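If you read the sequences in order, they're chains A and F. Numbering-wise (full-length UniProt numbering), the first sequence opens with residue 1 and increments by one. Numbering-wise (full-length UniProt numbering), the second sequence opens with residue 1 and increments by one.
Treat the hints as calculated values from the structure; they're not laboratory data. The structure displayed is predicted, hence computed values, not measured ones. Wrong hints could be hidden among the right ones.
[What the hints assert, rightly or not] If you anchor each label on the Cβ, the simulated ranges turn out as follows: (1) F:Glu-122 / A:Leu-99: 25 to 35 Å; (2) F:Ile-42 / A:Asn-168: 16 to 26 Å; (3) A:Asp-225 / F:Val-54: 37 to 47 Å; (4) A:Gly-93 / F:Glu-122: 21 to 31 Å; (5) A:Glu-295 / F:Asp-280: 34 to 44 Å; (6) A:Arg-337 / F:Arg-257: 30 to 40 Å; (7) F:Arg-283 / A:Gly-303: 47 to 57 Å.
All C-beta atoms, glycine included, are put in the ideal place defined by N, C-alpha and C.
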Amino acid sequence: MAWNEPGGGNQHDPWSGGGRRGGGNGGGGNRGGNQGPPDLDEALKKFQDKLNNMLGGRGGKGGGRGGKGGGGRPRNTFALPGLLLIIALGIWGAMGFYLVDQAERGVVLRFGEYQTVVGPGLHWNPPLIDDVRMVNVTRVRSLTQTQSMLTRDENIVEVEISAQYQVNDPRDFVLNVRNPQLSIENALDSALRHVVGGTDMIEILTSGREILGSSVASRLQTYLDSYGTGIRLQTINIESTSAPAPVIDAFDDVIRAREDRQRTINEGMAYANAIIPAAQGQAQRLVEQGQGYRESVVAEAQGQVNRFNALLAQYRNAPEIMRERLYLDAMADVFARTPKVLVDVREDAPLMYLPLDQRPGGAGGEGSGEADRGEDGELDPRVLERLRSASSSQGGSNTGGIRREGR
Amino acid sequence: MVNNRSLIIVGGLAAVAWLASNSLYVVDETERAVKLRFGEVIEENIQPGLHFKVPITQTVRKFDTRVLTLDTDTSRYLTLEQKAVIVDSYVKWQVVNPTRYYEATAGDETMAIRLIQPRVDESLRNEFGRLDLQQIIAERRDDLMIRPTQELDSLMREELGVSILDVRVKRIDLPDDVSTAVFDRMRSEREREAREWRAQGQEESERIRANADRRRQVLLAQATERAETLRGEGDAEAAAIFSEAYGQNPEFFTFWRSLNAYRASFDGERDMLVLDPTSDFFRYLRSPEVQNGE
Numbered sequence: 001m002a003w004n005e006p007g008g009g010n011q012h013d014p015w016s017g018g019g020r021r022g023g024g025n026g027g028g029g030n031r032g033g034n035q036g037p038p039d040l041d042e043a044l045k046k047f048q049d050k051l052n053n054m055l056g057g058r059g060g061k062g063g064g065r066g067g068k069g070g071g072g073r074p075r076n077t078f079a080l081p082g083l084l085l086i087i088a089l090g091i092w093g094a095m096g097f098y099l100v101d102q103a104e105r106g107v108v109l110r111f112g113e114y115q116t117v118v119g120p121g122l123h124w125n126p127p128l129i130d131d132v133r134m135v136n137v138t139r140v141r142s143l144t145q146t147q148s149m150l151t152r153d154e155n156i157v158e159v160e161i162s163a164q165y166q167v168n169d170p171r172d173f174v175l176n177v178r179n180p181q182l183s184i185e186n187a188l189d190s191a192l193r194h195v196v197g198g199t200d201m202i203e204i205l206t207s208g209r210e211i212l213g214s215s216v217a218s219r220l221q222t223y224l225d226s227y228g229t230g231i232r233l234q235t236i237n238i239e240s241t242s243a244p245a246p247v248i249d250a251f252d253d254v255i256r257a258r259e260d261r262q263r264t265i266n267e268g269m270a271y272a273n274a275i276i277p278a279a280q281g282q283a284q285r286l287v288e289q290g291q292g293y294r295e296s297v298v299a300e301a302q303g304q305v306n307r308f309n310a311l312l313a314q315y316r317n318a319p320e321i322m323r324e325r326l327y328l329d330a331m332a333d334v335f336a337r338t339p340k341v342l343v344d345v346r347e348d349a350p351l352m353y354l355p356l357d358q359r360p361g362g363a364g365g366e367g368s369g370e371a372d373r374g375e376d377g378e379l380d381p382r383v384l385e386r387l388r389s390a391s392s393s394q395g396g397s398n399t400g401g402i403r404r405e406g407r
Numbered sequence: 001m002v003n004n005r006s007l008i009i010v011g012g013l014a015a016v017a018w019l020a021s022n023s024l025y026v027v028d029e030t031e032r033a034v035k036l037r038f039g040e041v042i043e044e045n046i047q048p049g050l051h052f053k054v055p056i057t058q059t060v061r062k063f064d065t066r067v068l069t070l071d072t073d074t075s076r077y078l079t080l081e082q083k084a085v086i087v088d089s090y091v092k093w094q095v096v097n098p099t100r101y102y103e104a105t106a107g108d109e110t111m112a113i114r115l116i117q118p119r120v121d122e123s124l125r126n127e128f129g130r131l132d133l134q135q136i137i138a139e140r141r142d143d144l145m146i147r148p149t150q151e152l153d154s155l156m157r158e159e160l161g162v163s164i165l166d167v168r169v170k171r172i173d174l175p176d177d178v179s180t181a182v183f184d185r186m187r188s189e190r191e192r193e194a195r196e197w198r199a200q201g202q203e204e205s206e207r208i209r210a211n212a213d214r215r216r217q218v219l220l221a222q223a224t225e226r227a228e229t230l231r232g233e234g235d236a237e238a239a240a241i242f243s244e245a246y247g248q249n250p251e252f253f254t255f256w257r258s259l260n261a262y263r264a265s266f267d268g269e270r271d272m273l274v275l276d277p278t279s280d281f282f283r284y285l286r287s288p289e290v291q292n293g294e
């Protein structure tokens with residue numbers, strides 16, 4: 001049924017010339033186009049009858065009207081064109097059947113004039129007279145465009161948009177507009193740029209995409225309706241909006257900067273989160289130490305006092321002995337643990353030499369070091385020598401830090 | 001005889017066919033037609049359907065009356081403030097008066113487009129010259145197209161028998177060199193923004209750190225305060241305990257405490273005592289005789 005395809009155009013149809021002639025044969029008077037196939041058939045029959053009569057009249061000389069019934073020769077004369085006509089009619093009739101798919105509608109034109117839109121199913125229309133153009137009305141067609149365009153704040157953005165649409169009026173789609181596809185492309189382009197031109201860049205790139213889509217959709221539908229395209233938009237999707245290629249790096253850097261900002265803040269927070277608990281712990285430690293000191297001092301004091309009290313009882317019995325004994329005990333204890341130098345100061349008071357470097361952090365340690373000291377902290381003779389000379393130059397000032405035992 | 005009759009039939013049919021093909025014509029739903037007799041229009045605006053004409057003397061011209069699209073070339077227009085813009089537009093047009101259309105263009109669509117395009121161009125150029133760039137891009141984009149559409153529609157109906165349904169601007173772009181400047185500006189704006197974000201991050205981070213440092217300092221100071229207070233309390237309590245003991249026998253207590261203190265003082269390995277052998281402690285070091293202390 002290639003000759004029924006939409007857009008084929010009756011005038012391009014190889015059969016159409018024949019169709020016109022056929023129409024002429026059938027009934028030259030059918031100008032109104034309202035007469036259906038039965039009329040045509042009837043007219044053809046009449047025409048055939050007339051033809052038969054005319055030919056029969058001529059063929060059957062002397063036979064008059066009854067010639068039709070007589071003689072083999074006249075019968076043959078009518079039979080050939082008659083048969084041909086019947087066969088031709090049969091073929092013509094059979095060619096009139098066509099299927100309309102569920103997804104399609106057929107726009108029926110009779111002699112070019114719009115008749116009706118037929119739905120899915122099996123149909124018959126007189127071929128060569130009627131022209132049926134099929135349109136798919138359920139298929140969702142789509143169109144995608146990527147464009148760079150100016151925004152309200154005179155920046156340039158790139159927008160990728162896709163439109164999905166269906167044919168909702170097959171008659172308009174087929175008959176009203178030449179190239180509906182081009183129409184929607186142009187209209188989409190215009191509508192999109194219009195809406196983008198009324199919006200600030202930052203809005204297009206971020207929050208405004210949804211609104212952008214819906215305003216483009218309503219604008220586009222208005223345009224399409226005003227052209228009578230028979231197209232209904234399903235959805236408009238703003239697939240992507242981005243900065244144009246020459247500045248995309250700068251835009252990406254902004255995104256990175258935003259991430260950097262968050263990262264820096266997080267680092268700050270991490271620092272805070274790390275040191276505050278540590279400080280809390282440290283503070284607690286300080287308090288605990290204070291508490292510990294307090295308790296230990298009190299306990300020690302109490303202990304000492306208890307011990308003292310115990311001793312005191314004994315002391316009251318024999319004070320002198322107790323005193324002496326305690327004193328000697330304590331001194332023994334102290335001397336046992338401490339290096340000692342015995343100096344008889346009364347006789348040769350003017351000079352006194354001391355191994356000062358043995359004291360930790362001792363003031364008289366110039367030039368001294370670990371090597372100067374013997375294994376057990378005993379004084380090396382060389383050190384003593386050096387000390388002697390050092391001490392003589394400095395006088396007795398070095399003795400200031402030395403504890404002196406005496407009573 | 002048979003051949004003759006058949007020939008006559010076939011010839012008759014052929015004649016009828018020829019007649020039919022020359023006297024009948026179909027106007028499609030997408031078309032309108034005019035009928036001419038020796039070039040003179042005798043029937044206007046013929047509607048779709050099957051029609052009859054006298055062969056040879058009469059001819060029929062058919063025109064596509066669908067909505068057509070004229071995609072104009074891009075043009076460079078100047079705005080009110082003399083900025084150049086590159087504009088791409090399209091025009092939707094339709095033949096509404098076939099006779100007028102035939103007279104003006106001889107039915108040639110290319111010719112019609114050649115006639116329409118400069119008018120559209122001029123009309124848009126005038127509109128662009130009336131508005132500044134901001135108005136063109138954003139504020140008055142619709143207005144920009146309404147007037148050319150209306151003006152051209154009435155003009156073209158009269159002149160060409162054509163209706164201008166819509167003049168619509170698609171692209172309004174800046175020339176390439178200006179675009180480059182725009183890109184530079186956009187880039188610098190972004191750089192500024194990026195720097196601002198990063199600086200904000202630094203600021204916020206520094207704030208958080210400083211705050212944390214302060215809190216730590218305060219926490220430690222408060223803890224020190226508390227600790228010192230506790231120590232003081234401890235010392236006070238210890239003192240109180242000692243003084244109680246002291247009250248019992250001051251003389252012995254002082255003695256005993258001193259001894260303890262000596263022990264504690266000379267605890268280190270590094271302490272060194274320089275002693276006078278004449279001190280009381282060493283009295284037996286000199287002689288074992290019994291002496292009286294003090």
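Here is how each hint holds up against the structure:
{"no.": "1", "hint": "F:Glu-122 / A:Leu-99: 25 to 35 Å", "result": "violated (53 Å)"}
{"no.": "2", "hint": "F:Ile-42 / A:Asn-168: 16 to 26 Å", "result": "violated (40 Å)"}
{"no.": "3", "hint": "A:Asp-225 / F:Val-54: 37 to 47 Å", "result": "holds (43 Å)"}
{"no.": "4", "hint": "A:Gly-93 / F:Glu-122: 21 to 31 Å", "result": "violated (58 Å)"}
{"no.": "5", "hint": "A:Glu-295 / F:Asp-280: 34 to 44 Å", "result": "holds (39 Å)"}
{"no.": "6", "hint": "A:Arg-337 / F:Arg-257: 30 to 40 Å", "result": "violated (20 Å)"}
{"no.": "7", "hint": "F:Arg-283 / A:Gly-303: 47 to 57 Å", "result": "violated (33 Å)"}
The structure shown violates the earlier hints numbered 1, 2, 4, 6, 7.
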